[in-house]
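Engineer: Using full-length UniProt numbering, the letters of the sequence shown map in sequence onto residues 1 to 362.
Hints were generated in silico from the structure; no laboratory data involved.
Values in this document were obtained by computation on a predicted structure and should not be read as measured data.
Even for Gly, the Cβ is constructed at its ideal location relative to N, Cα and C.
Do not take every clue at face value.
[Claimed, not checked] Derived PhoX-like pairs (lysine-lysine); straight-line CA-CA distance at most 25 Å:
hint : residue 1 : residue 2
1    : K217      : K203
2    : K217      : K206
3    : K217      : K198
4    : K104      : K53
5    : K63       : K53
6    : K63       : K104
7    : K53       : K105
8    : K105      : K63
[Said to hold, decoys possible] Listed next, with one range per pair, are the computed distances between beta-carbon atoms:
hint : residue 1 : residue 2 : range
9    : D128      : Q344      : 19 to 27 Å
10   : V115      : P137      : 31 to 39 Å
11   : H187      : K105      : 18 to 26 Å
12   : G114      : T287      : 48 to 56 Å
13   : R356      : E273      : 23 to 31 Å
14   : N67       : P144      : 21 to 29 Å
15   : D209      : G83       : 32 to 40 Å
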Amino acid sequence: MSSMMVEAAGGIVYRRRSDDDIAQDADDEGPAPDPAHPSAVDGLELCVVHRPKYDDWSWPKGKLELNESHRHAAVREIGEETGVHVALGPRLGEIEYPLGSEGKKGKRPKAKGGVTKHVVFWMARPIDEHEAAMRAPALGPVTPADVDEIDNVVWVSVRRARRLLSHAQDRDILDLFVDYVEEGAEHSQTLLIVRHGKAEARKQWKGSDANRPITPKGAAAAYALNRELACYAPSRLVTSPWVRCLETIEVFSWQTGLSMVPADELTEDAFAENPEGSWERFEEEITHSMNAHTTTAVCMHRPVIGGIFEHLRSICVSKSLSKQLIASSPYMPTGNAVALFIVQSDEGPRIIDIQRLAPLVY
1 MSSMMVEAAG
11 GIVYRRRSDD
21 DIAQDADDEG
31 PAPDPAHPSA
41 VDGLELCVVH
51 RPKYDDWSWP
61 KGKLELNESH
71 RHAAVREIGE
81 ETGVHVALGP
91 RLGEIEYPLG
101 SEGKKGKRPK
111 AKGGVTKHVV
121 FWMARPIDEH
131 EAAMRAPALG
141 PVTPADVDEI
151 DNVVWVSVRR
161 ARRLLSHAQD
171 RDILDLFVDY
181 VEEGAEHSQT
191 LLIVRHGKAE
201 ARKQWKGSDA
211 NRPITPKGAA
221 AAYALNRELA
231 CYAPSRLVTS
241 PWVRCLETIE
251 VFSWQTGLSM
261 VPADELTEDA
271 FAENPEGSWE
281 RFEEEITHSM
291 NAHTTTAVCM
301 HRPVIGGIFE
311 HLRSICVSKS
321 LSKQLIASSP
331 YMPTGNAVAL
341 FIVQSDEGPR
351 IIDIQRLAPL
361 VY
């Protein structure tokens, strides 16, 4: 029997108690956290939803809509099922199970032909109403789920969540979440590197290279990329002042009301003359993001991205992660982006996760 795949996405939404008390329901069981040996997850609360159709407790998630990416579906479904606006963090992992076993409790179901459901999960941090309203034109609508789909939403401790979750695979995702939190992911900052949309060919363009614009195809990709960038809720836009970079993010700037900060050091000419100066300018954005707790998107050119990648590979926490920052041209396609998740360590900034963002043009 040929198999079919139903794609879905969701996440673990987390917050820390404002009073820094340990998240603990009145009916929590088991030993309380040991103050002498604190854990990174102490004081965290996680959002779990109840589905009346299956009478189960699970992470908020849902199926991809037509022409939708996994990351966008994760943000939309979390918002619909929990009422919480979120920005995505590190990617946690994925699970698969037969669609026919949806909601059934017991051992981990195994796909054996037929229709399989594939779900991708992210860490997801709440954002405030102002941030949500600002990105709404780029993200699109998020409508509350019907009560017959989700009838209860609770915030519980990690220990409580492990007991409350109805399915073993959801607990597997929780284990991945805990691992990331112990690596410092709760305090990670997101930095997005954007490569400008497809530009007019150099040989055909009669003007200066700085004024060479993006093509209609490049404009379509740039517009579609906005929806993916919105999933991370950037609040700062930095760009090479050359036209093709400005045109790539100007619609996102218009949609969100964010101004574009020009960085002369990130043009192709500046990089050719002083590659280290380009890195130092980019490094300033890393420092700003870490200190101001700001998600920043930086739009650059192919050769500049290659030089920046060379430096970034040295601050990845693993070789497998550094290999995701391609070492050969073109480094990434035009109109695409990468999301870097950076934590502060004793040795300086370290990248703990990298995600590639591609626009869906249809």
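Engineer: Against this structure, judge whether each hint is valid.
Structural biologist: Now the hints, each set against the structure:
| no. | hint | verdict |
| --- | --- | --- |
| 1 | K217 / K203 | holds (18 Å) |
| 2 | K217 / K206 | holds (20 Å) |
| 3 | K217 / K198 | holds (7 Å) |
| 4 | K104 / K53 | holds (11 Å) |
| 5 | K63 / K53 | holds (16 Å) |
| 6 | K63 / K104 | holds (18 Å) |
| 7 | K53 / K105 | holds (13 Å) |
| 8 | K105 / K63 | holds (20 Å) |
| 9 | D128 / Q344: 19 to 27 Å | holds (23 Å) |
| 10 | V115 / P137: 31 to 39 Å | holds (35 Å) |
| 11 | H187 / K105: 18 to 26 Å | violated (35 Å) |
| 12 | G114 / T287: 48 to 56 Å | holds (52 Å) |
| 13 | R356 / E273: 23 to 31 Å | holds (30 Å) |
| 14 | N67 / P144: 21 to 29 Å | holds (22 Å) |
| 15 | D209 / G83: 32 to 40 Å | violated (48 Å) |
Figure legend: structure checked against the earlier numbered hints; hints not met, in rising order: 11, 15.
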